[in-house]
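These protein sequence lines map, in sequence, to chains A and B.
Its first residue numbered 1, the first sequence is counted upward by one per residue in our numbering.
Its first residue numbered 1, the second sequence is counted upward by one per residue in our numbering.
Please keep in mind that the hints were generated in silico from the structure rather than gathered at the bench.
Hints are not guaranteed to be accurate.
Said to hold, decoys possible - One side only, chain A facing chain B, incomplete, derived with CB under 7 Å:
(1) Leu-3
(2) Pro-6
(3) Asp-8
(4) Val-19
(5) Leu-22
(6) Ala-23
Said to hold, decoys possible - Which chain B residues face chain A? A few, computed with CB under 8 Å, are given here:
(7) Trp-64
(8) His-104
(9) Gln-108
(10) Trp-109
(11) Val-113
(12) Val-117
(13) Leu-142
(14) Asn-143
(15) Leu-145
(16) Pro-146
(17) Ala-150
(18) Ala-157
(19) Ala-164
Backbone N, C-alpha and C define an ideal beta-carbon position, used for all residues, glycine too.
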Amino acid sequence: MTLLRPGDLVVLAAGLLLVSGLAVFSWGGSHGDSAVIRVAGQVVDTPTLARTRMISVEGPLGMTQIEIQPGRARIARDPSPRQLCVKRGWLSQAGDAALCLPNQVSLEIRGRSAAYDTLGY
Amino acid sequence: MTRSVIELPVSAADRRIAGLAAVAVGLTLAEAAIPSPVPGVKPGLANIVILLVMLQYGWKTAAWVAALRVLAGSLLLGSFLSPGFWLSTAGAVSSLIVLATAQHLPRQWFGAVSLSVLAAFGHIAGQLALAWLWLLPTAALLNLLPVFAAAALLFGAVNGFIVARLLAADASPKGQSAPCIPL
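Bound-form chain A, shown alone (with noise of 0.2 Å):
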C-alpha cells in the first residue's frame, strides 16, 4: 500500500491548474490604457497612460498634482491631512482608483474593458 497512488497525483497537480487559473483570473485583470480625473465629481481630463507627464488640479484646499508614466498613474502630490491618496501608489490595473476626498480630487484608471460598470463614493 503506497501512500501516494497515481490517482493521487492527478488529482493535485488539477488542483495546482485549478489554483493558477483562479489566481489569473482574480490577479490578471486588465491593464489600464487611460485615466479619468475628477474634481468635485466632475470629470477634468482623461490623459492616456501613454508618455510621463504631470497634470495638476485645483480642489477646494489647494493643488492636487497628478503623475503619469507609461501604463501607471499616481497622485504625487496633494494638500489632504492624511495623505492616503498618495499613501496608495501607483495605479495600473483598470479599475483602480486614488481618492483625495478633502481635496474632492479622484484618479481612476480605465481600461478597455472597464471592471466595473459605475463607482459611488
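Position chain B relative to chain A; hints supplied.
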C-alpha cells in the same frame, strides 16, 4: 411523586462516534490557538479525523463526527450561531457532499491524498459560497480566492498524506491493531 428514569440506550457505535468526535473537537480547539495570517486559512486538522473515520467506518459515521465536531467545537469556542459557526457548517456540509461522491473513486488509483484535497476544496468552496452570498457580496473576496484555493490544496495534501501514513501504520502487520485513534 414518582420518579421516572429515562434511559437512553447507547450502542457501541454511539460510543465510537462520541469518542471520535471528541478527538476532532480537540484538534479544532488546538487549531483555534494557531495564529493565521488570513482569517479563514487554517490547516483543518480535524479533517484528518473525519477522513480517517470515513475510510475506516464509512461516510455516515464521518458525517456524525463532522456534525458533532462543528457543534461542540463552536460551543466550546463560544462561536455557536455566530457567522463563524455558519461558515464552519457550510464548509463541513459541502466537504461531506464532496466526500460522499469521491469515496466511490477506485481505491487502488485514488488514495487518502485525493480524498483530502477534494474535501478541502469542497470545504473552502462551501465556506466562500456562503460568505459571498451572505456576508461579503463584493469583489474583495474574489481577490482572495487564489489564496484560499492554494491553502486548500496545500493543507488538503498534507492532511491527506497524514491520513495515508496513519492508515499505512494501521495496516502494517507488526503494528498494534489501531494505533491511529485509540478507541
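For each hint, the structure was consulted:
For Leu-3(A), the shortest C-beta to C-beta distance to chain B is roughly 4 Å, which falls under 7 Å, so the interface hint holds. The beta carbon of Pro-6(A) is positioned within 7 Å of a beta carbon in chain B (closest approach about 6 Å), and the interface hint is therefore held. The closest approach between the C-beta of Asp-8(A) and any C-beta of chain B is roughly 4 Å, which is under the 7 Å cut-off, so the hint is satisfied. Annotation: Val-19(A) was flagged as interfacial toward chain B, and the flag holds, the nearest CB pair being 5 Å apart, inside 7 Å.
Given hint, Leu-22(A) at the interface with chain B, holds; its Cβ is 4 Å from that chain's nearest Cβ, closer than 7 Å. Annotation: Ala-23(A) was flagged as interfacial toward chain B, and the flag holds, the nearest CB pair being 4 Å apart, inside 7 Å. Against a cut-off of 8 Å between C-beta atoms, the interface hint on Trp-64(B) is violated, since the closest Cβ of chain A lies about 26 Å away. Look at His-104(B): its Cβ only gets to about 13 Å from chain A, farther than 8 Å, so that hint breaks.
The beta carbon of Gln-108(B) comes within 7 Å of a beta carbon in chain A, closer than 8 Å, and the hint placing it at the interface holds. Interface hint at Trp-109(B): satisfied, since its Cβ lies 4 Å from the closest Cβ of chain A, which is below the 8 Å cut-off. Hint status for Val-113(B): holds, given a least beta-carbon distance of 4 Å to chain A, under 8 Å. Annotation: Val-117(B) was flagged as interfacial toward chain A, and the flag holds, the nearest CB pair being 5 Å apart, inside 8 Å.
Interface hint at Leu-142(B): satisfied, since its Cβ lies 6 Å from the closest Cβ of chain A, which is below the 8 Å cut-off. At its closest, the beta carbon of Asn-143(B) sits 5 Å from a beta carbon of chain A; the interface hint therefore holds under the 8 Å criterion. Look at Leu-145(B): its Cβ gets to within about 5 Å of chain A, closer than 8 Å, so that hint holds up. Taking 8 Å as the C-beta cut-off, the interface hint given for Pro-146(B) holds, the closest approach to chain A being about 4 Å.
Interface hint at Ala-150(B): satisfied, since its Cβ lies 5 Å from the closest Cβ of chain A, which is below the 8 Å cut-off. For the restraint placing Ala-157(B) at the interface with chain A, the shortest Cβ-Cβ distance is roughly 6 Å, inside the 8 Å limit, so the hint holds. The interface hint given for Ala-164(B) is met, as the beta carbon of that residue sits about 4 Å from the closest beta carbon of chain A, less than 8 Å.
Of the numbered hints stated above, those contradicted by the structure are hints 7, 8, listed in ascending order.
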